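Enquirer: If you want the building blocks of each chain, they are given just below.
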Amino acid sequence: MTAENPQTRHTPTPEDLDQHIQPHMVIEGIPTKRHTIDIVRKFKEEGLFRFGCLVIMTTMGLAIFGWLDHYDIYRLWPFDPNRATGNVSVEPPGFLEIPGLLWKTVILGHEPPHWFGTDNAGLDVFSRTLAAPRTDMTIAIVAAFLSMFIGTAFGLVAGFYRNALTEFLMRISDLLQAFPVFITAMILVALSGRNEFNIILALALVYTPIFIRLTRAEVMGQAVRGYVESARAVGNPQWRVAFGHVLPNSLVPSLVQISTTVGFAILLTSGLSFVGAGVRPPTPEWGLMIALGADHIILGEWWGSIFPGVAIALTVFGFAAVGHGLEEDYR
Amino acid sequence: MVAQPKQAAPAPTSEYVLEAKNITVRFPIEHGADVVAVRNFNLQVKPGEFVGLMGQPSCGKSTAAMAMLGLVRPPGVIDSGVVNFMGRNLLTMMEDDVRELRGRDIGMIVQNPRYSLHPMLRVGDQIANVYRAHNQVTKGEAWKHAIDMLRMVGINDPERRVKAYAHELSSGMAQRVLIAIALSSRPRLLIADEPTSGLDVTIQAQFLDQMWDACRQTKSAVLLVSQNLGIMANYCDRILIMNEGTLVEEADVYSFFKAPKHEYSRSILRLQRAAIESGGADAAHIDEKAAPLIEVKDLSKLFPIRHSKSKVHAAENINFFIRPGETLGLVGESGSGKTTVGRCVLRLIEPTGGEILFRNRQANQVERVTDYSTNEMRRKRAKLQIVFQDPLDSLDPRWTVDRVLREPLDLHTDMTNEQKKARVIELMKLVGLEGAHYYALPREMSAGRQQRVSIARAIALNPDFIVLDEPTSALTPETTAEIIRLLMDLSAKLGIAYLFISHDLTTVKFICHRVAVMYLGQMVEIGSKDQVFNSPRHPYARALLSAYLFPSTDNRRVDRTVRETLKGEIPSPVTENLPKGCYLYGRCTSQVDRCKSAPQQLTQLSDGRWVRCWRVAQGEI
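Chains A and B, in that order, are what the protein sequence lines are. In this text, residue positions in the first sequence follow the numbering used here: the first is 1, and each later residue adds one. In this text, residue positions in the second sequence follow the numbering used here: the first is 1, and each later residue adds one.
It should be emphasised that the hints constitute simulated quantities derived from the structure, not laboratory data. Since the structure is predicted, the reported quantities are computational estimates derived from the model, not experimental observations. Glycine included, every Cβ here is placed at the ideal spot set by N, Cα and C. Honestly, I wouldn't trust all of these hints.
Chain B is faced by these chain A residues, among others (derived, beta-carbon under 10 Å) [stated by the list, open to error]: (1) R41; (2) V90; (3) G94; (4) N120; (5) R162; (6) N163; (7) A164; (8) Y227; (9) E229; (10) A233; (11) V234; (12) G235; (13) N236.
Simulated restraints, written as ranges between beta carbons of each label pair [unchecked claim]: (14) M220/A with P571/B: 24 to 32 Å; (15) I305/B with M220/A: 18 to 26 Å; (16) S334/B with M220/A: 49 to 57 Å; (17) E327/A with K163/B: 20 to 28 Å; (18) A33/B with E327/A: 29 to 37 Å; (19) G221/A with Q362/B: 34 to 42 Å; (20) S606/B with G221/A: 17 to 25 Å; (21) T374/B with M220/A: 17 to 25 Å.
Computed list of chain A residues with no C-beta within reach of chain B, every gap over 10 Å [said to hold, decoys possible]: (22) D38; (23) E46; (24) I73; (25) E111; (26) I183; (27) S192; (28) E196; (29) R225; (30) S230; (31) G309; (32) F317.
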């Protein structure tokens with residue numbers, strides 16, 4: 001822990017230093033920088049956090065494969081998620097059939113079955129469920145990071161310079177937060193047009209106030225710390241104090257919040273598609289799949305909605321679990 | 001005190017009130033070796049004796065004191081030993097019997113008075129409850145007893161104060177209520193654990209005087225746990241020194257301060273030793289006739305209060321100057337505005353009025369710091385530096401030492417990376433840091449090393465002037481000695497002038513050439529160190545010096561016939577609270593009617609010092 005551990009570090013005597021200070025500097029005895037990654041330990045020890053990390057890694061991986069498929073480079077899943085197979089409303093195989101089917105497809109190389117069935121248009125639900133993260137994750141992650149950047153920037157300014165202008169900014173942020181997130185996002189998308197770009201903007205806007213609040217609170221706490229005054233005393237201009245000292249020390253709450261925000265942004269993206277204010281069909285997207293399958297549940301075709309629904313639930317839970325785990329560490 | 005005790009105390013079977021033998025306290029640790037906090041602790045206390053137990057923080061002194069009551073914080077266990085209290089072993093007695101003793105025969109005063117008082121009960125009830133738990137008396141008698149006790153510990157107007165709640169009392173008053181509770185049933189032994197931490201010196205002296213007098217009256221013995229050498233020297237009869245769980249020295253107070261035997265005891269007395277031997281800061285290298293480096297004229301700072309027209313008068317009409325290479329000490333109690341003055345001189349907070357002159361030695365001209373533009377001020381910070389009180393807080397928690405030290409070079413010089421690295425290492429060597437700390441984060445270093453980093457950063461650009469804002473108050477006595485020594489070396493080597501702000505008069509006496517005393521935002525006396533320390537003239541300066549407990553046994557406070565002190569407490573420096581005339585009016589022992597209405601001026605006396613008291617100026621006192 002402490003810096004003077006004799007095993008790991010060589011402690012130079014003043015004579016050693018004398019040699020180094022003089023002409024051309026070769027510095028020994030100064031330890032190399034080290035990085036401690038707490039997350040590795042956390043991953044090993046905490047089951048819930050591990051589960052969340054695995055979910056995040058899986059969905060991210062699927063998102064990457066989704067884009068590879070989109071540009072026809074490589075397809076991980078058996079069918080094109082956007083093309084009807086001709087087999088309409090096929091029921092997924094039963095539990096007991098799965099080992100046999102796996103044997104046939106993987107070992108014998110037969111035509112793969114529809115693992116999750118097909119919807120009433122003949123689209124393969126399995127392929128679409130796996131391809132969906134390319135839409136959902138991209139929108140959610142870009143929106144969450146965008147709101148974090150905007151939010152921390154405004155939060156820093158609002159916390160560092162307390163005046164009428166920043167107070168006004170905070171009131172606007174309050175106003176935005178007062179509307180239900182879902183309704184605001186829906187109206188914004190409806191007004192600006194249903195495409196991915198507008199959805200990202202709408203999501204970023206509704207999540208920005210959270211980051212403004214978080215950062216501002218932290219900045220206000222940090223700004224009265226001694227090192228801030230000390231930075232000023234050494235001759236830093238105001239902006240360097242703000243960005244060089246206060247901001248790095250105020251980022252942690254936002255970084256913790258980002259995981260949870262991504263999770264909820266996925267939920268919101270799907271929600272928007274479900275009510276018809278999101279991406280256009282037939283883009284593979286979980287909310288859209290649920291919406292398309294929902295009409296047919298009454299006919300007994302449960303598989304169209306259940307599988308994407310489970311996917312959303314797992315993903316949001318995974319992100320929230322990671323966010324929760326990080327938050328615990330931060331406190 | 002009409003009450004009868006429930007049972008007669010058994011006649012003491014030995015000459016000691018308390019005798020502890022071989023006490024060992026162990027804290028079991030999960031997945032690790034147990035921590036032995038106290039090892040083979042022996043202690044004897046005679047009736048009416050003041051015994052001091054001292055040592056560094058977390059050396060086990062509080063744990064040892066608690067063990068005297070048979071108490072230990074969970075999960076600790078008292079492994080072995082015997083505590084004989086008036087002939088009975090506390091450690092083998094039934095819990096009920098021990099509880100009977102605690103509070104009646106053994107009183108306890110702990111740190112942090114506010115947390116120790118019940119927030120929902122009147123203080124009178126709290127005193128009465130303890131008294132009634134151990135004595136068969138009626139409520140009315142107990143209440144009367146509570147008033148008597150409050151009067152005995154020196155609380156003005158006890159009939160009114162007895163009805164107060166804890167939050168209505170100042171911390172000095174709360175501490176005195178605690179001692180009243182502890183003494184209410186005239187215990188044979190009082191255990192006081194850091195009873196004055198967090199109190200100002202004048203209040204501390206008031207409180208300890210009261211405790212001393214009250215205990216002499218009730219003939220209680222006292223076990224005083226503290227890390228303050230001054231308290232030990234001035235109030236204790238015998239001293240025990242503890243280091244890492246073991247007693248290393250036991251001696252009576254005079255011989256201890258004259259010649260400590262153990263190596264550890266010597267190291268904690270080092271600062272004082274050095275001060276006596278070398279006489280502290282040497283004024284030889286200062287040119288008495290040199291033009292002042294820094295001159296402050298009529299500086300004042302008022303802080304507005306929200307939703308109110310009145311203001312906090314943090315500093316008023318401050319005048320002083322500092323010569324090149326000189327150290328001016330700024331002393332006063334908390335709330336006297338000394339930190340504000342330090343910040344204003346560097347314009348870290350903008351002064352409300354007055355001007356600050358700085359002699360730029362490169363350009364050989366006098367410049368007005370108060371006229372600098374923001375950018376100019378920023379550049380001048382290379383020459384005007386500050387070291388803060390809390391070393392950990394004043395370093396960016398995410399920055400390694402090399403980054404911290406490089407920052408001033410980045411801002412003010414155009415050195416190459418190589419040169420910066422060389423300079424950083426030179427600085428680290430100058431303040432006595434090892435190369436191993438090059439990439440250390442602040443929290444990985446001890447407080448002393450953190451403060452060294454702060455000092456290295458302050459001297460990085462060869463400043464002419466550094467404000468030292470209580471640089472040693474967060475450090476242990478040993479580290480304080482080292483840091484003070486370092487600061488003096490740097491001043492001598494680099495010719496830096498200091499404004500040394502502190503309430504620790506021992507270090508001030510050691511490092512400073514001249515001393516200014518502040519009270520309620522005003523300077524009441526400025527003079528050379530010898531003038532202020534040996535013959536203070538202003539009544540406040542006299543009281544402050546007299547109340548300050550120097551770690552030395554010549555002229556102990558308890559042996560003085562007249563213990564100079566101030567009445568009451570510092571008023572809060574808000575516009576309408578401030579007295580019209582002399583700010584000390586109401587607390588001063590030599591006040592006359594004219595003091596009430598006549599504002600005081602800082603006047604120079606014939607011996608060169610400045611005093612803000614018209615009676616002193618006219619030679620009346």
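Enquirer: All the hints need checking, so say for each whether the structure fits it.
Expert: Hint by hint, here is what the structure shows:
1. R41: violated (16 Å)
2. V90: violated (57 Å)
3. G94: violated (50 Å)
4. N120: violated (57 Å)
5. R162: This hint is violated: R162/A lies away from chain B, its Cβ roughly 13 Å from the closest one there, beyond 10 Å.
6. N163: violated (15 Å)
7. A164: violated (16 Å)
8. Y227: At about 4 Å, which falls below the 10 Å cut-off, the nearest Cβ of chain B leaves the hint on Y227/A intact, so it holds.
9. E229: Result: holds, 6 Å to nearest chain B Cβ.
10. A233: It holds, given that the least Cβ distance between A233/A and chain B is near 5 Å, below 10 Å.
11. V234: For V234/A, the interface hint holds, since the closest Cβ of chain B sits about 5 Å away, which is under 10 Å.
12. G235: At 4 Å from the nearest chain B Cβ, G235/A passes the 10 Å test, so the hint holds.
13. N236: holds (6 Å)
14. M220/A with P571/B: 24 to 32 Å: holds (31 Å)
15. I305/B with M220/A: 18 to 26 Å: holds (20 Å)
16. S334/B with M220/A: 49 to 57 Å: violated (25 Å)
17. E327/A with K163/B: 20 to 28 Å: The hinted range 20 to 28 Å is violated for E327/A and K163/B, with Cβ atoms some 47 Å apart.
18. A33/B with E327/A: 29 to 37 Å: holds (34 Å)
19. G221/A with Q362/B: 34 to 42 Å: holds (40 Å)
20. S606/B with G221/A: 17 to 25 Å: Once the Cβ atoms are compared, 53 Å apart, the range 17 to 25 Å for G221/A and S606/B is violated.
21. T374/B with M220/A: 17 to 25 Å: At roughly 23 Å between Cβ atoms, M220/A and T374/B fall inside 17 to 25 Å, so the hint holds.
22. D38: Non-interface label on D38/A holds, nearest chain B Cβ at 14 Å vs cutoff 10 Å.
23. E46: The claim holds: E46/A sits with its nearest Cβ about 18 Å from chain B, beyond 10 Å.
24. I73: holds (41 Å)
25. E111: Holds: least Cβ distance 57 Å, greater than 10 Å.
26. I183: holds (38 Å)
27. S192: About 40 Å separates S192/A from the closest Cβ of chain B, which puts it past 10 Å; holds.
28. E196: Its Cβ never comes within 10 Å of chain B, the nearest being 37 Å, so this holds.
29. R225: violated (6 Å)
30. S230: violated (4 Å)
31. G309: holds (43 Å)
32. F317: holds (32 Å)
In this structure, the hints that do not hold are numbers 1, 2, 3, 4, 5, 6, 7, 16, 17, 20, 29 and 30, in rising order.
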